[in-house]
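We have chain A already, so just place chain B on it with the hints.
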Amino acid sequence: MKVDLNLDQVLSDLDAATALDALQNIIERLRDAFGIDHMVYHWVDSGGEQYGCGTYSQAWVQRYIEQSYLRVDPVITGCLQRFHPVDWKRLDWSSKAARAFLRDALEHGVGNQGYSIPIRGPNGQFALFTISHDCDDETWAEFTCLRGRDLILIAHYFNRKALEFEPARKPEQCSALSPREVDTMTLLAMGYNRAQVAETLSISEHTLRVYIESARYKLGALNTTHAIARAMSRGLIVV
Amino acid sequence: MLRYLYANQLNQYPKLASAMFRDRADQFGTRLGWPVEVDHRGEERDCYDRLDPLYVIWERPDGGHGGSMRFLPTTGPVMVNDVFGHLTGGAPITSPLIWECTRFCLARDAGPNVAAALMLAGGEIMQQFGIRHFVGVFDARMVRIYRAIGSSPEVLGSQGEGRERISVGLWEFSREARDRVARRAGIPPDLSRLWFDRAFGGVAPGQSALSA
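Note that the protein sequences, when read in sequence, are chains A and B. Counted the way the working numbering counts, the first sequence spans residues 1 to 239. Counted the way the working numbering counts, the second sequence spans residues 240 to 451.
Just so you know, these hints were derived from the structure itself, not from any lab. Among the hints, erroneous ones may be present.
Residues from chain A that face chain B, not an exhaustive set, calculated with beta carbons under 8 Å [as the list claims (entries may be wrong)]:
#: 1; residue: F83
#: 2; residue: R90
#: 3; residue: D92
#: 4; residue: K96
#: 5; residue: R120
#: 6; residue: G148
#: 7; residue: R149
#: 8; residue: T207
Beta carbons: idealized from backbone N, C-alpha and C, even for Gly.
For reference, chain A alone in the conformation it holds in the complex:
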């Protein structure tokens, strides 16, 4: 599971996507960038509308629908009405139906490890962003520990983009940077280090980290460098 340096590029392409069709290509590239077997995105809104894309085989997707696995899949029941990331090992696979489902999933190449991120969107929209892989427990624990936060952010960026294509969508309320966030990103872009930025803005480095975290999310970036580049290309900061 190597780390691809082009992750920022894929996220920029996600940001620039103008049609729902583009998401399939992006999720395949994201999966490759993380070096894992599968990555899947699935949304359901309060009206029952569904959309999904991902890298599972067509045979497994078909099988899942035919068998109505939605009803027995512990990942679904374990993530509904939740907002914490769920390692599949934490779920209850003890029922006969769940174990049969698991065997079938393994036979279809889903992998023995999984990590699902529930996402709560506006107006009852709900989405799941899932990665799965075939490896031992230790390798998986190391991977999710190392990349979990990136995946949580990407899951939300993906959902945000998917929501843009919903016809009745309400405008995003929190995409603008606050004056403090603009100041922070501008000073960082000018080459100040964090201590200097904090000092200049008369805030602690602790508080600064929250401004950066929040700005990074609004900009759809995984790291500060990427966030600065994004802010500059969008004309949000001028250096």
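Relative to chain A, chain B alone:
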């Protein structure tokens, strides 16, 4: 023991849940005089309780409520942005890696170990779920309590004076703070982890159905 319960799991613990909402009415309505809504059973709830939050509750040995707090991700509606946005720099604090912690409540006769136990639970959540910060709303009295248990937030902004003072603050995980609150709570880290795993399922290598 510490219980981690989403709103839709509270019905499995009706007595505990009811006691939590009554202690909230007592703390925020009776003692602090906040304009909170209390129903005919004496229970305090606000609109954020309807958003399926995650509650962390200290359950006493007799099953009663010792203290509690409530979490919601800042990617959705949260009090710090909806009500106290003017205290945090002018635009919403929003990230899936920042959760809001509100309604930090202690029963009248709760000892200082209860507040520490709740903060210990906060540390578990940060570590296990990859959360970088909690942002919270708290009253003047809590400043002393947080300091006493060794987990002081960084204050982003405040309004009001004296007892009326309400602040928005930030917590970040540190191993030192975790060890301090664990000592204050009198809870060994392994026991804390056991309670967490009981709520969310364990991930002990080699014991899962998935690797069987």
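Hint check results:
Interface hint status for F83 (chain A): upheld, as the beta-carbon distance to the closest one in chain B is roughly 5 Å, under 8 Å. Given hint, R90 (chain A) at the interface with chain B, holds; its Cβ is 3 Å from that chain's nearest Cβ, closer than 8 Å. Hint status for D92 (chain A): holds, given a least beta-carbon distance of 7 Å to chain B, under 8 Å. Annotation: K96 (chain A) was flagged as interfacial toward chain B, and the flag is violated, the nearest CB pair being 12 Å apart, outside 8 Å.
Given hint, R120 (chain A) at the interface with chain B, holds; its Cβ is 6 Å from that chain's nearest Cβ, closer than 8 Å. Residue-level restraint check for G148 (chain A) holds (minimum Cβ-Cβ distance to chain B is 4 Å; threshold 8 Å). Look at R149 (chain A): its Cβ gets to within about 5 Å of chain B, closer than 8 Å, so that hint holds up. Given hint, T207 (chain A) at the interface with chain B, holds; its Cβ is 6 Å from that chain's nearest Cβ, closer than 8 Å.
When the structure is compared with the earlier hints, a violation turns up for hint 4 alone.
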